[in-house]
Amino acid sequence: MNNAAHFPLLSLILFTPLAGAILLLFVNKRSENAIRWIANIFAAAGFLASLPLWFWYDTKSPAWQFVEKLPWIPSIGAQYFLGVDGFSVLLILLTTMMGVIAVLSSWTAITTRVKEYYVFLLVLQTGMIGAFVSLDFLLFFLFWEVMLVPMYFLIGIWGSDRRLYSAIKFFLYTLAGSVVMLLGILAIYFSYHTMTGVWTFDVTEFQRFNLDRNLQWWVFLAFFLGFAIKVPMFPFHTWLPDAHTDAPTAGSVILAAVLLKMGTYGFIRFSLPILPDASREFVPMIAVLSIIGIVYGALVAMAQRDWKRLVAYSSVSHMALVMLGMFALNPAGLKGSIIQQLNHGISTGALFLIVGIVYERRHTRMISEYTGLSSVMPVYAAVFMFMMLSSIGLPGLNGFVGEFLILQGVFVVSKAWAAVAATGIVLGAAYMLWLYQRTMFGTVENPKNEKLPDLNLREVATFVPLMIMALWIGLYPKPFLDFLDTSVGAVVARVSPQYSGQAVTKQADCPENVAVNKFVLAGCETPAAAPAAPPPPGNVQPAPGSTPPPATPLKTTGGQ
Amino acid sequence: MTPITPAHYLVLSAALFSIGLIGVLVRRNLIVIFMSIELMLNAVNINLVAFSQQWQHVVGQVFALFVVAVAAAEAAIGLGIILAFYRNKETVNVDEITLMRW
Amino acid sequence: MPTGYSANDLVLLLPEIVLTTGLLVVLVADLFTGRSRQHWLGWLTIGVLVATAVPIVALSGHATTAARGLLAVDGFGAFFKLLFVLAAAITVLISRQYLEVEQARPGEYYFLVLCATLGMMVMAAGIDLITLFIGLETMAVSFYVLTGFLRPNRRSNEAAIKYFVLGAFSLGILLYGMSLVYGLSGTTRLREVAVALATQSDSLALKLAVVLVAAGMAFKIAAVPFHMWAPDVYEGAPTPITAFLSVGSKAASFAMLLRLLLEGLPAMAPEWRGLFYVLAVLSMTVGNIAAITQGNVKRMLAYSSIAHAGYILIGIVTATPRGVTAMLVYLMIYAFMQMGAFGVLALLRRRDVVGDELKDLSGLFFRRPLAAFAMLVFMLSLGGIPPTAGFMGKFWLFSAAIEAGYVWLAVIGVLNSAISLYYYVRVVVFMWMREELESASVHPSPGVAVALTVAVAATIIIGVYPAPLFELAEASAKTLGMAPRVLSLR
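Going down the list, the sequences are from chains A, B and C.
Residue numbering for the first sequence follows my numbering, beginning at 6 and increasing consecutively.
Residue numbering for the second sequence follows my numbering, beginning at 2 and increasing consecutively.
Residue numbering for the third sequence follows my numbering, beginning at 550 and increasing consecutively.
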């Protein structure tokens, strides 16, 4: 483990938005433009602070990078432990980028209680980044729950129509899932202590630890509830259309682009590597739920008359595809799943922005209210066309790369699943194209639409980064895939060792303080520490690579 | 003649306690409820004194004296509270205590 | 056992001695204070409490007994004594403004608050049945009067009557149980009781005694099905007293319960474990479900405090060092968040407006953003959402349950805390998302401001950096007499 930045970069990224929120508290609530400027500056600063991750992250090194470790609650072994791998780097960059876009897109959309709005948005930003950088399970859970409250307020205060209902539904649904997840975390915590005598919430330790199979099964279910509600997987998806529909635009964008990724992030970071045996056993269940989700989401989306609800259901379908790719449990499927998570963030985030723009002008989301917009708002129509094509996976744009990899991964596991998933993708193209046709083409029938102004410069600015990203991932995905090599390799080595030759595997760091022999540390069997009694064969993780490096002391900035 | 054993005291005390307990639950007049509670406390005192006799030391009697003292304090406070209520409401019937759900 | 009192006892009992002297000073000072200068009495009371805290802290490192073995002087007692002093101080700070609105004389009020505090301190330190009983009654009698302190107010009258009748009734039950314990063991010293009863755990009379003691204490902590007094008393009592009652009285009763069970009746652990398992599940579930339907915030907080008693009982069910630590942690956190929530409610009390209905909170954010923020923090904390202290407290409790193997208890607990968010969030909805009510602005006095600031700061700081509190609670829980014995009986 190391920290290439030699200063607490992750903490800087993490707390920049929070600092902005705290600063905003001291600004007079009537100087709204000052508040907007401050929020934008801090969101942008957060993005700039996260850029070094892209340049300084060593894609060849399997170790956790930019690590910071400080004691937090020593009596129970919880630490302030931050670190990233390629997967979390991409999600952090996505989060900070979407943060800038969300804040920028709210400039004119939010006119009431401006100060609180930006405070909540920035606090939410900190919560999301925190969840992606935490390598201590308790710390992760803390940030995971912190996200709920600002999101609740964003929906409940600045939402539309049934905002209170949707907000509380979102809140209670996700809360119910996460409290059960907490019990799962505690189960691992105590089991780890029983086996090793060490109290810790260190995720990197848990990832090397072979939990009892029976316990894995229960913990997987507990985690599943927490993560599947967040994804959301069918049948836990019912909060999503309501929350999306009633949230303000920026809320929907953040919700779709980042919050939903929490669930998939949780599966890949925690469920798969910590509970590999249970993960394998649950593949059929998750595959079936995902397939239902893909088809069901697409069909229901097709039947929507509300533009935003349609996009929300498309999210259900897309995220189900992400889950299916993930639980192919092979490198292609996992990589596709992660790339598709980024794609979903970019495309669906953009689609919500697109709805938001006409909603801000007309205050209705009914598809039937809009026809022939392409003649009044040509730039808008072009942007929409671009993002729609990205969403349905046109080759050359980002969606294609992710879907292709997922299908490739799934195909290896089951041809039937791949076939159904492909059907879902076709259906996805159908409802999107139909939506486009209904809203953009034809003649302007509603006189209210005749004078709609086209995108202004600020609005274009919110789309430009998304379009660049869509093109970049679509045409040259290699840098992104390179980022994922080691992290996907580590997960695959844990959950389906038979593939581990195909990818460079993350080299496990060998801890000095753990009583050896009680369990097997993947990649840690140095001759000196070789167990007297060989562990049972079922537990052996194939040691990847050649000779593992000897344990090196942690290089951290926080000191310890 | 059968001698009076500790068991006899215990039966008496249990009976007294039960009478008090039932009185609290079924009576409707605050003063009577209050007296039923005193019965329960006296049952306790009988217990304590009987056990004190059995163990041949005075701890139980000391305990009983404390209970008597505290019961007196409670009586003073309790009657004061009931009086304050009576001044406002002109009744000591618990069925009339209706401002909040009972 | 030492046969007489020594000068050393005077040192060991210094917190109680200082407090007793102080409360007499307050009572006398009241006689000589004119009506216009009565706010000085509040600060005098605060001074007494601070003076009491000093010897408590100084003595917290001891592990001995005082007054011929009637009182323990240990970390466990010191932890609770500090909690009571803190709760009493917050009560006094939020009382002045409230009493002025109610036009009540503060002199006896402060005196009684200090008396109740003294009773609580004895409850936390007592290791003798008689001492515990006297402490309990000192506290209870003070609270009977305080609950009915607003004599012209009928709700206050009724609350006092209900509290008094059920309090005295529960006392009778508890004492009957205690008399049986004494009869079977031949002593009132808890540590000797434990030794004497170690061999006769299957005696029927002893089981009856345990049930009676448990039922008597369950009244005091307001655990279902012995909770019916709580909503009415909480609603009718003056708001600061409701706060003190729900925090101080509950914490003191838990301290006494721990002393009774762990120091006196460890041999009966299987019996009382089962009893409190049922009580915990019932309290959590019934408390939360009933709270959902309440339109009066004080009543809602009453039911929520019943639910919280259920969570805290988890610690007793486990009876492990971790469980006891969790109870200490939770009670301390609960003191801040619950006192804070009632502090905000007390602010809403104005002439002609009772201010404890949910609708009275409408649009509080627009009138008093800071008070609304404080209430938001307290509600989230009561619901157990990080980064507030309430989460850390629940985390300890549920982890203790899982460690001790009570996984289902933990599952019921977390599901209940998810349910509870529904009604806590409703308060937030009224404050932040409803239109402003047509009413005068409430200006917090410096005392209320100080109290709320302390409570909010503590709730957030403990939520983010709980390590000091955890370590303090862990060290304090260790000093509780027989805890290891119980553990070995599992």
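Certain hints may be false.
Unchecked claim - Derived pair list, reagent style DSSO-like, types lysine-lysine, alpha-carbon separation capped at 27 Å:
#1 A:174 with C:908
#2 C:908 with A:34
#3 A:65 with A:483
Unchecked claim - Listed next, with one range per pair, are the computed distances between beta-carbon atoms:
#4 C:774 with A:240: 51 to 59 Å
#5 C:657 with B:4: 51 to 59 Å
#6 A:390 with C:1006: 48 to 56 Å
#7 C:649 with B:9: 31 to 39 Å
#8 C:749 with B:58: 18 to 26 Å
#9 B:91 with C:844: 27 to 35 Å
Said to hold, decoys possible - Output of the computed footprint for chain C on chain A, the stretches with three or more beta carbons under 8 Å from beta carbons of chain C:
#10 101-114
#11 158-164
Honestly, the hints are just simulated from the structure, not real lab data.
Yeah, the Cβ is synthetic: ideal placement off N, Cα and C, and Gly gets one too.
For each hint, the structure was consulted:
Between residue 174 (chain A) and residue 908 (chain C) the alpha-carbon distance is near 22 Å, which keeps this suggested pair within the 27 Å criterion. Using a Cα cut-off of 27 Å, the hinted pair residue 908 (chain C) and residue 34 (chain A) holds, with the two alpha carbons roughly 25 Å apart. For the proposed pair residue 65 (chain A) and residue 483 (chain A), the alpha carbon gap of about 14 Å is at most 27 Å, so the pair holds. Between residue 774 (chain C) and residue 240 (chain A) the C-beta distance comes to about 37 Å, which lies outside the given range of 51 to 59 Å.
At about 53 Å, the beta-carbon gap between residue 657 (chain C) and residue 4 (chain B) stays in the expected band of 51 to 59 Å. In this structure the supplied range 48 to 56 Å holds for residue 390 (chain A) paired with residue 1006 (chain C), their Cβ-Cβ distance being about 53 Å. Evaluation of the 31 to 39 Å hint for residue 649 (chain C) and residue 9 (chain B) yields a failure: the beta carbon distance comes to about 59 Å. At about 19 Å, the beta-carbon gap between residue 749 (chain C) and residue 58 (chain B) stays in the expected band of 18 to 26 Å.
At roughly 30 Å, the beta carbons of residue 91 (chain B) and residue 844 (chain C) sit within the given window of 27 to 35 Å. Three residues within the 8 Å Cβ limit are the bar, and the segment 101-114 of chain A against chain C gives 0, so the coverage statement is violated. Residue count for the segment 158-164 of chain A with a Cβ under 8 Å from a Cβ of chain C: 3. That meets the three needed, and the coverage hint holds.
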